[in-house]
Amino acid sequence: MQYDARMTMSMDNYNQNEAQRMAERTRIVRTQELDTGYRPTQQTRLPLRGAGNHPPAQSGGGASRLPARSEPTPTGPVTLDSIVEQVRRLPALPDVAIQVMRMTGQETCSAQEIAQVISHDQSFAARILQLANSAYYGLPRNVGTISEAVVLLGMRTVRNMAIAAATHDTLSREVIGYELGRGDLWRHSLACAMASQMVAETARYPEAEEAFVAGLLHDIGKVVLSLHVRGMIALILERMEAENLSFLEAERAVLGFDHAEVGGRIAAKWNLPVPLVQAIAYHHQPVQNGQVAPLTAVVHIANVICLIAGIGLGIDGLRTSISSVALKTLNLGEPHIEKALCQLVTRVAQAQPLFEMENLLQAGGQKR
Amino acid sequence: MVGMAEVKVTKSPDAVLMALGLGSCVGICAYDAQARVAGLAHVVLPESIGQENSPGKFADTAVPFLLQEMRNLGASPIRIRVALAGGAQLFAASGGSRLEIGLRNAAAVTAALKQHNIAVVATDLGGTVGRTVQLNASGLVRVKTIGQGERELAVLGSQGASVPKPPVAPTEQAEGARSRILSTPGASRI
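Protein chains in written order, with the numbering used here: chain A, 1 to 368; chain B, 369 to 558.
Each hint should be verified, as a subset may be incorrect.
In silico SDA-like cross-links for lysine to any residue, where the CA-CA straight-line distance does not exceed 25 Å [as the list claims (entries may be wrong)]:
hint, chain 1, residue 1, chain 2, residue 2
1, B, 512, A, 111
2, B, 512, A, 330
3, B, 376, A, 355
Pairwise CB distance ranges (calculated) [stated by the list, open to error]:
hint, chain 1, residue 1, chain 2, residue 2, range
4, B, 460, A, 141, 24 to 34 Å
5, A, 152, B, 479, 43 to 53 Å
6, A, 334, B, 484, 45 to 55 Å
According to the in silico footprint, chain B covers these stretches of chain A (three or more CB under 8 Å from chain B) [said to hold, decoys possible]:
hint, region
7, 147–160
8, 269–275
9, 281–292
10, 320–326
FYI, nobody ran anything at the bench for these hints, they're computed from the structure. Here a beta-carbon is modelled for each residue, glycine too, at the ideal position from N, C-alpha and C.
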């Protein structure tokens with residue numbers, strides 16, 4: 001496989017010093033950033049089940065790949081696996097959020113079930129109610145239960161609200177390696193979620209919900225790779241200019257893997273549905289074996305629209321291209337992109353309170 | 369803060385107008401030094417699509433709207449000087465594609481300004497980089513390019529308002545940034 005060869009090569013290119021420096025950095029990542037706030041529970045330590053549905057990540061890694069389940073050795077080279085291991089230290093998404101996300105795309109799940117799952121986690125449910133009762137949603141009266149919120153706002157709104165509330169803390173942090181200031185990645189992710197939903201609707205892709213979640217999580221890999229990329233950014237940019245690469249290509253050339261791939265691995269680890277895992281893993285390079293999976297195409301196009309709009313740009317800027325195969329897959333043309341961009345601007349303005357979710361939660365708290 | 373598709377004007381001496389996160393969007397910074405009126409438009413697309421009640425969204429409607437708003441505060445179009453920033457392109461958006469939205473935005477804004485005889489004295493356009501532009505009430509335009517730091521782009525009409533000022537000499541750091549911008553595809557054609 002071409003993919004394997006490339007990865008093995010770049011991993012072999014690491015010299016020993018580099019490997020040690022990076023390992024050092026990984027330790028710092030663990031102790032300083034990712035450890036904070038982590039409360040391990042049985043549920044959050046998800047087994048790698050589901051990752052098998054993600055072939056490149058599984059088969060990649062080459063010579064220096066560690067055995068799938070071992071802890072990374074502190075002095076060993078930084079590999080894709082050792083990076084993904086850090087996900088355990090990532091402030092865990094509430095288990096309830098992961099459950100809700102898994103439920104997206106399941107035709108059989110009812111509003112009642114969603115409400116039940118959310119209500120199960122008291123503090124999370126309280127947060128959702130706070131959001132639901134904020135002025136933004138303009139409910140005629142305060143709601144006291146999740147079921148009530150579902151009745152008044154609709155299952156879709158409550159579900160998206162739940163997922164957004166659950167991912168906000170993780171996604172709103174400063175992602176220093178990619179020069180994303182505090183809140184930048186959140187704005188980009190939320191806009192991409194909204195754009196994904198829009199693109200899905202325009203293309204008549206039946207799972208607009210799934211699209212929202214995939215859009216929201218598409219750059220989750222950046223959170224994990226941040227400190228790692230920070231130390232290598234000069235090399236990445238140099239390589240990008242010298243070889244006229246996209247940012248992702250340069251990232252992969254220097255690191256041996258990229259934020260999309262890491263994101264896909266995280267999603268697999270959370271046991272998210274396979275199309276979602278793929279959409280995250282391939283959102284920059286959607287064509288796999290000459291084809292593009294529909295959800296991957298949706299997120300790819302939505303991401304590009306958000307970059308054109310300039311929402312939450314980082315060091316990679318607009319340094320990615322749009323795939324004509326992805327457009328064809330969804331039967332969309334270039335005018336659709338313009339129209340979607342136009343529409344997105346309006347929707348983002350309307351949803352401004354969600355972009356400033358922290359304020360919304362605070363305001364809601366005062367109100368209560 | 370001037371959000372996407374917004375146009376803001378001010379006469380307040382300590383106001384700072386800022387367009388955060390320009391991708392392919394173009395920030396039009398306009399200033400009348402005599403009336404001390406500043407205006408900023410955050411344009412998203414080159415020309416109006418369908419029925420939209422948002423003049424600031426499109427270059428063809430944003431320019432007259434911005435000028436009118438500035439006139440309402442006592443500015444005169446003859447004295448208004450403009451600096452432009454943004455208009456970045458997707459990587460490898462190929463020639464003639466409608467998706468070269470940054471390029472098309474820049475061209476449409478420039479054409480609309482020309483139509484109104486407004487002088488553009490400085491630009492920082494193109495490339496694949498994200499930018500933030502700000503204009504203060506004394507006509508100073510600063511551009512922050514992600515990954516390349518911040519620099520002064522122009523001082524609009526600080527002296528000899530009838531003669532368009534050339535762009536302020538870039539600092540050494542900005543010089544490097546500039547050559548990088550120009551080395552990326554698409555930028556040189558602007």
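Structure-based check of all given hints:
1. 512/B / 111/A: Violated, at about 46 Å.
2. 512/B / 330/A: Roughly 36 Å between the alpha carbons, so the hint for residue 512/B and residue 330/A is violated.
3. 376/B / 355/A: Holds. Residue 376/B to residue 355/A sits at ~21 Å (cutoff 25 Å).
4. 460/B / 141/A: 24 to 34 Å: 53 Å, violated
5. 152/A / 479/B: 43 to 53 Å: 49 Å, holds
6. 334/A / 484/B: 45 to 55 Å: Cβ of residue 334/A to Cβ of residue 484/B: about 29 Å, so the range 45 to 55 Å is violated.
7. 147–160: violated (count 0)
8. 269–275: violated (count 0)
9. 281–292: Contact hint for the region 281–292 of chain A vs chain B: violated, 0 residues under 8 Å.
10. 320–326: holds (count 3)
Hints 1, 2, 4, 6, 7, 8 and 9, counting from the list given before, are not met by this structure.
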